[in-house]
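Novice: From first to last, the protein sequence lines are chains A and B. So for the first sequence, our numbering puts the first residue at 15; every next one is plus one. So for the second sequence, our numbering puts the first residue at 15; every next one is plus one.
No lab work stands behind these hints: they were computed from the structure. In this text, all values refer to a predicted model and were calculated from it rather than measured experimentally. Some hints could be false.
Same chains, same names: a pair is fine if it fits in one copy or spans any two.
Said to hold, decoys possible - Quick list of in silico lysine-lysine cross-link-like pairs, DSS-like style, CA-CA up to 30 Å:
1. Lys-59 <-> Lys-405
2. Lys-301 <-> Lys-270
3. Lys-307 <-> Lys-405
4. Lys-307 <-> Lys-423
5. Lys-59 <-> Lys-423
6. Lys-255 <-> Lys-281
7. Lys-279 <-> Lys-255
8. Lys-255 <-> Lys-59
9. Lys-281 <-> Lys-452
10. Lys-59 <-> Lys-307
11. Lys-431 <-> Lys-301
12. Lys-301 <-> Lys-255
13. Lys-423 <-> Lys-405
14. Lys-279 <-> Lys-423
15. Lys-423 <-> Lys-452
16. Lys-147 <-> Lys-270
17. Lys-431 <-> Lys-270
Number of protein chains: 2
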Amino acid sequence: MYCTYNHDSCRRQVLKSPAFYISRESGGSLVEQIVQAVASRIDDKLLRTGARMPSIRQFADEQGVSRFTVVEAYDRLVAKGYLESRRGAGFFVRERASMLSQPAPVKPQTADTQQMDVVWLVRNMLRQMPPHKMPGSGVLPHDWLDGDLVANGLRAISRLNQNLLLHYGTQQGFLPLRQQLQLKLAELEIAAAPEQILTTSGVTQALDLVAREFTHPGDTIFVDDPAWFLMFGSFAIFGTKVIGIPRLHDGPDVNKLAELAAIHKPKLYITNSVLHNPTSTSLSAAKAFQILKTAEQFNFLVVEDDVYCDLHPGSAVQSATRIATLDQLNRVIYLGGFSKTLAANLRVGFIATSPELAIRLADRKMLSTLTTTEISERVVYKILSEGHYRKHVDRIRVRLDSVRDGICKRIESLGMKVDYRTPAGMFLWTETGTDTNKLTEQALEQGYLLSPGSLFSPNQLPSTRMRINIASMSDPGVWDFLERAMR
Amino acid sequence: MYCTYNHDSCRRQVLKSPAFYISRESGGSLVEQIVQAVASRIDDKLLRTGARMPSIRQFADEQGVSRFTVVEAYDRLVAKGYLESRRGAGFFVRERASMLSQPAPVKPQTADTQQMDVVWLVRNMLRQMPPHKMPGSGVLPHDWLDGDLVANGLRAISRLNQNLLLHYGTQQGFLPLRQQLQLKLAELEIAAAPEQILTTSGVTQALDLVAREFTHPGDTIFVDDPAWFLMFGSFAIFGTKVIGIPRLHDGPDVNKLAELAAIHKPKLYITNSVLHNPTSTSLSAAKAFQILKTAEQFNFLVVEDDVYCDLHPGSAVQSATRIATLDQLNRVIYLGGFSKTLAANLRVGFIATSPELAIRLADRKMLSTLTTTEISERVVYKILSEGHYRKHVDRIRVRLDSVRDGICKRIESLGMKVDYRTPAGMFLWTETGTDTNKLTEQALEQGYLLSPGSLFSPNQLPSTRMRINIASMSDPGVWDFLERAMR
Chain A
15 MYCTYNHDSC RRQVLKSPAF YISRESGGSL VEQIVQAVAS RIDDKLLRTG ARMPSIRQFA
75 DEQGVSRFTV VEAYDRLVAK GYLESRRGAG FFVRERASML SQPAPVKPQT ADTQQMDVVW
135 LVRNMLRQMP PHKMPGSGVL PHDWLDGDLV ANGLRAISRL NQNLLLHYGT QQGFLPLRQQ
195 LQLKLAELEI AAAPEQILTT SGVTQALDLV AREFTHPGDT IFVDDPAWFL MFGSFAIFGT
255 KVIGIPRLHD GPDVNKLAEL AAIHKPKLYI TNSVLHNPTS TSLSAAKAFQ ILKTAEQFNF
315 LVVEDDVYCD LHPGSAVQSA TRIATLDQLN RVIYLGGFSK TLAANLRVGF IATSPELAIR
375 LADRKMLSTL TTTEISERVV YKILSEGHYR KHVDRIRVRL DSVRDGICKR IESLGMKVDY
435 RTPAGMFLWT ETGTDTNKLT EQALEQGYLL SPGSLFSPNQ LPSTRMRINI ASMSDPGVWD
495 FLERAMR
Chain B
15 MYCTYNHDSC RRQVLKSPAF YISRESGGSL VEQIVQAVAS RIDDKLLRTG ARMPSIRQFA
75 DEQGVSRFTV VEAYDRLVAK GYLESRRGAG FFVRERASML SQPAPVKPQT ADTQQMDVVW
135 LVRNMLRQMP PHKMPGSGVL PHDWLDGDLV ANGLRAISRL NQNLLLHYGT QQGFLPLRQQ
195 LQLKLAELEI AAAPEQILTT SGVTQALDLV AREFTHPGDT IFVDDPAWFL MFGSFAIFGT
255 KVIGIPRLHD GPDVNKLAEL AAIHKPKLYI TNSVLHNPTS TSLSAAKAFQ ILKTAEQFNF
315 LVVEDDVYCD LHPGSAVQSA TRIATLDQLN RVIYLGGFSK TLAANLRVGF IATSPELAIR
375 LADRKMLSTL TTTEISERVV YKILSEGHYR KHVDRIRVRL DSVRDGICKR IESLGMKVDY
435 RTPAGMFLWT ETGTDTNKLT EQALEQGYLL SPGSLFSPNQ LPSTRMRINI ASMSDPGVWD
495 FLERAMR
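Same shape as in the complex, but just chain A (with noise of 0.2 Å):
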């Protein structure tokens, strides 16, 4: 019995009970058609719950398929929630009452001041709205990256002895990729062996096993001023106490460092030295020194968050020292990562500390998620080691470098101002002259994604600062946006 059309082209055949239409070649496969045909009628209550469908001998016969192609496809069903399996009865339909109820559309949350914290401008980054609306993402576009280098990496994994698909990685991370990370560090002048280097599911992970491992309730952390916003509500929950060090051109201000160190005897002091968010300023030498003197004289770790690492462009363009560069991971903990210049996705992020410190936060990051996986750490190991990576970045500041300027001037024919003028990095700071949490909210109504400065400061008061990512300034909305907005 064909279609009714009786198209020659497709030669369909249509099911006696339930009638549907399967076709030899059009695209999917026959299982997929029967699946797709079966679940499309019950999604449209064609077929009601509780009936008994065809059994696999009848619906083979009356298809013209296979039994082998039938089963295949009601297992299908069955695991897609359309069927169910009665042992000895056969398939029947499902009840589905508003099981699969479709999800809220995928819109940015509405917020007003009081409601604009860490964690809203965190749950917004994740929404994945188009990157052109966002030009206070922290992340670059996608049309910025190399997706063919994560697939390819995927793929050359799934060629590989399954078995390592399958067990648990080891506690420190993928040792070759440790290797690699080592001779990363050895650039930047850190020894660091493999046994120093341990991966974790991205500097967030880095961040959260350092805080709990050296911190307590109570006790003090140092952070920027401004700095990256989501550290703050993550260390608001330890009930740990979070106090910001300004952050000039070259560094934070050591004086203000070890005047807040006598007082409140931080035990960690934790900042971006190279190509700090939001500002990409970088640090000096001397400045670097300073930071170390006042950690040893009130005894407190310094963690180096370096995930801008790859887009400084070299100490030529703007001086840039790594605080671990000094110290060689006596009383640095340096982190870095891949989230911002490979694929967020991957989750692959390190810490290099002391081979002590290392034991120590290893045997906590077992007891937090076991192991990180080694499947993204492989593809990171393979982009690295084959020379892809160095490449990739080179191509990324190369673009980065010639949008920077052009933003700059733009954004300052606004009337708004640019601080530090940075040569370097994918973040501008700047200074609206108007409250950022308001513009941020009209914004918002229009779909944009701002980054209000309010977020950076550790303790979010309102400011007229906002940071700009240059790599998402493409839109010429949100540009008309800025326009009316600064009138």
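Fit chain B to the supplied structure of chain A, relying on the hints for placement.
Specialist: Okay, now just chain B, sitting in the frame of chain A:
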């Protein structure tokens, strides 16, 4: 200039400076061969540190390969740390003194009875000894799992729109996977909308998030006694007090639960209701009801860790009630995952809870690790939704059933007792009549990893019990060892 051996078949060419072989017909690409050849000469000190490499043009001409090939090879050698590029001056052999020191050979850490603690066992677990050498292992050996499923999943994902590989996942985890989990829970008669479900990096992270969200240092957490040991270490470092509730054949001793709850006012009770680790016993409906009543009376949350769910054959074989089936995620937080049944390396677990607690836990997850990797979540989704998972766990159950009785009998013939003689699951909880810490030390000397009873006890007292993984008892050496030890 050709190979001095002058093999016709390979026509190897000898490079003038430095001299090595490249074959156009062997397995690897030309680039890989050059990389390999240069790297081994450096490793063998035939090329000394600081030596200048031939220019790209010179190398290409001498080898009869394209310059592109040489550029690529030199780039990889730079990435691997063998060469460094000095702008304008060319490529030089780099200082590698002890940089790639080989890691110590993977061998189990020796332990005296004092040191044998949770961290020690988990470290050894992760050491990737051959599975048949680990009768104490908590996971199934590779050949019981299906690497093809995971490899196919990775390949399929590498062919999707690559943008999804680059961005962060969503806060709660990949939505279609959460919809699949909704179906999985519906089969257990637990109603959970996708909004009530969040993915985690294994059940380990799920427990970590729950404990951090709902307890403070000084609070008390109840666990089963015996129970999964990783928790004890994890909670101890929070500063929470961990108290064990004796586990009987059909669940905990509920009188003891009520009695201790009155004294200690716990915040959480964490339990495996089904196929409890290590006893493989499951909860009766009556006890599930008693637990809930006690939890209400003393106002604590029940955390139901159901990671062995899919190894359970149904209540016709062993009666089994999920507490969440009675309570419907009101007071019960339900945890599950795929490390035991699919692949530990994917690191996919999940939490199902009330809508309100789901938001709190998702925020907590975001502040700890930002997101989990959607790559793994998509692999699990694919395997679930295409019906492969169901068949795969069916096969595992059949195989476990096929070995369980034989192993029980053989163990009993050695004079050991099997507690509960469970009809399901992968673990036997045995009584050896001898101190199993000592037994474990002896076994380690011969390269076998056991799980002594002390590890499963919240107070880690010496014990005569031991957990045996029935899927890891195929090595005759294990039996020889036990025979001699039990004599």
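Novice: State for each hint whether it applies.
Specialist: Here's how the hints hold up against the structure:
1. For the identical chains of this complex, Lys-59 and Lys-405 are inter-copy neighbours only, at 29 Å across copies versus 55 Å inside a copy, given an alpha-carbon limit of 30 Å.
2. Taking identical chains as interchangeable, the C-alpha atoms of Lys-301 and Lys-270 lie at most 30 Å apart only when both belong to the same chain, with a minimum of 12 Å there against 61 Å between chains.
3. Proximity of Lys-307 and Lys-405 under a CA criterion of 30 Å is satisfied in neither setting, with 37 Å inside one chain copy and 62 Å between copies.
4. In the homo-oligomer, the alpha carbons of Lys-307 and Lys-423 never lie at most 30 Å apart, since the shortest distance is 39 Å inside one protomer and 67 Å across protomers.
5. In this homomeric assembly, Lys-59 and Lys-423 never come within 30 Å of each other (Cα to Cα): the closest approach is 59 Å inside a single copy and 54 Å across copies.
6. Both within a single protomer and between protomers do Lys-255 and Lys-281 lie at most 30 Å apart by alpha-carbon distance, with minima of 10 Å and 25 Å respectively.
7. For the identical chains of this complex, Lys-279 and Lys-255 are neighbours both inside a copy (11 Å) and across copies (29 Å), given an alpha-carbon limit of 30 Å.
8. Neither within a single protomer nor between protomers do Lys-255 and Lys-59 lie at most 30 Å apart by alpha-carbon distance, with minima of 57 Å and 54 Å respectively.
9. With identical chains, the CA atoms of Lys-281 and Lys-452 are never at most 30 Å apart, being 35 Å at best within one copy and 41 Å at best between copies.
10. With identical chains, the CA atoms of Lys-59 and Lys-307 are never at most 30 Å apart, being 73 Å at best within one copy and 41 Å at best between copies.
11. With identical chains, the CA atoms of Lys-431 and Lys-301 are at most 30 Å apart within one copy only, with a shortest distance of 26 Å there and 67 Å across copies.
12. Within a single copy, Lys-301 and Lys-255 get their C-alpha atoms as close as 24 Å, which meets the 30 Å cut-off; across copies the closest is 44 Å, which misses it.
13. Proximity of Lys-423 to Lys-405 under the C-alpha cut-off of 30 Å is restricted to the intra-copy arrangement: shortest distance 29 Å within a copy versus 62 Å between copies.
14. For the identical chains of this complex, Lys-279 and Lys-423 are neighbours neither inside a copy (43 Å) nor across copies (63 Å), given an alpha-carbon limit of 30 Å.
15. For the homomeric pair Lys-423 and Lys-452, the shortest alpha-carbon distance inside one copy (24 Å) is at most 30 Å, but the shortest distance between copies (74 Å) is not.
16. For a Cα distance limit of 30 Å, the shortest separation of Lys-147 from Lys-270 qualifies neither inside one copy, at 38 Å, nor across copies, at 58 Å.
17. Taking CA atoms no more than 30 Å apart as the test, Lys-431 paired with Lys-270 passes inside one copy only; the shortest distance there is 25 Å, against 68 Å between copies.
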